[in-house]
Amino acid sequence: MRGILENSLRRYELKKQLDTFALENGFLPITPDLFEQYEQFSESNKNLQKDELVIVMNGRQQVYFLRPDITSAIMRQVKNYYEKDSIVKLFYQSSVYRSDDYKILEIPQFGVESIGGGSETEILNLASMVLSNKEIPYIIELSNSHILNSLIAQLEIPEVYINQVKTLIASKNHDGLLSLGKKLEVHDNSLNLINVLFNLRGMYRDVLSKIEPFLINEKIRKEFNSLEKLQSSIPNSIIDLTMVNNFEYYDGLIFKGYYSNLPNEVLSGGCYTAFYDESNEKVNAVGFSLDIEGWLKEREV
Amino acid sequence: MEMLTIAIAKGRIEKDLLCILKEIGLGASIDPKSRKLVFIDSDVQIKYIFVKPVDVVTYVEKGVADIGVVGKDVIVEQEGNIYELLDLNIAKCHFAVAGPPLTQIYNPNKRLRVATKYVNIANKFFEDRQQIETIFLNGSVELAPLIGLSDVIVDLVETGNTLRANGLEELEFILESSARVVSNRVSYQFKFEEINKFVEALREWRNNNDQNPTAK
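Chains as they are written, first to last, in this note's numbering: chain F, 1 to 301; chain L, 1001 to 1216.
The following block holds chain F by itself, in its conformation from the complex (with noise of 0.2 Å):
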């Protein structure tokens, strides 16, 4: 009994020094609401696998379900207090839920969010520090949402198949995709892009030489150069446009964070649109979560 609560007490004080983390670094915590409604979470995540989702219903059967992002549940929250042009930052300890066959899944995830303009670079470095351990190898991988969606628009691939290429592309099907695209009869130029698409990869050097012609407007031009500096300034990441993330809410920067011995990503973030304020504008948002039994199992060792 006294070595379980000697690691739950250990448990304990890792998980604080997240919290700890968090409010040094100016982030105030809040805690997320449990419920989600299903009409509208699904219309704004088309991707997500609905048979992973935990369904309950209220007592006038209007169906809702246990979050299965918390981001999502925190931006409905702050919309109603959010004061123009402020920065809210935000962050929390919580659970999202999941099922799998025939059981539930509670995961807990330490998350922040900076709402309303916050800097790329700084929640990076954040997301870098949380990772670091100097026993353990940790790698970041960038890209950028609108990058990519720019790579499938030039695949001209008619849009009822875009989930499908979406898929594809997660999973690095290449042979899934290029047998889709011959289908298809797309152009010759497609099939090329197809053939680069999974080879961009790397240091940004090397990804800028695969890329360059297929960076077709200033404003994607820019925002591949944008992931130089961040790459640059951000320990042991690389680049992979290829990246998709579950969420289709991320609109730019999109990051993921492994651990070597773990074997699925620990950390997942961006920026995203958090909502439009009362004069119809945008508000911006970058944050990421982290798998909290991810990250205590690595410490734990």
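Check each hint, because a few of them may be wrong.
Claimed, not checked - Here are some, though not all, of the chain F residues that point toward chain L, as calculated from beta-carbon distances under 8 Å:
1) Glu135
2) Gly176
3) Tyr258
4) Ser260
FYI, nobody ran anything at the bench for these hints, they're computed from the structure. Built from N, CA and C at the ideal position, the CB exists for glycine as well.
With chain F held as given, fit chain L onto it using these hints.
Positioned in the frame of chain F, the structure of chain L alone reads:
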């Protein structure tokens, strides 16, 4: 150089893959006659583990193996969170709905009874097409319609000989299957050079052998 662990599906894929590995100068340590399940090419730092086809995705997904070579049938059925890096174009077959000749598959007033080992694939295929009752069987699926256990089956078809021998015929095509090279998502980050080198060697072999394959 870090050790790369490759999980290989025993059986048909294993036989073909061993020929390919030999052709591209790998797998020197593998003795096909041995009952050992683990072999190591020390010079190129590759460990091969031989596992049941249905377990390959699990080994890769959980990170015990960095790479796996397994049929698309297993990948689709198990829906693992893995990368699918290469279609080796070997061990080709396809999924089909089969049953006694002239069986009517689609009927809005009737629930079709489908016997299969591939419950996920069957459910997905019929999802928006027909109400079904899936009956899980581990083997000899062809028997099910013959003895009235099911109306049709969903199974892998290679030559169609087994179907014909049991008086069944292919009623509808579902999807193609062949051997695929898959990788763990985190290994792909940390062992990218090693994984890429292995995959590109296999890709080159496949491209050279696509017209005149030796291992198909």
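A quick look at each hint next to the structure:
no.: 1; hint: Glu135; in the structure: violated (15 Å)
no.: 2; hint: Gly176; in the structure: holds (7 Å)
no.: 3; hint: Tyr258; in the structure: holds (5 Å)
no.: 4; hint: Ser260; in the structure: holds (5 Å)
Checked against the numbered hints given earlier, this structure breaks only hint 1.
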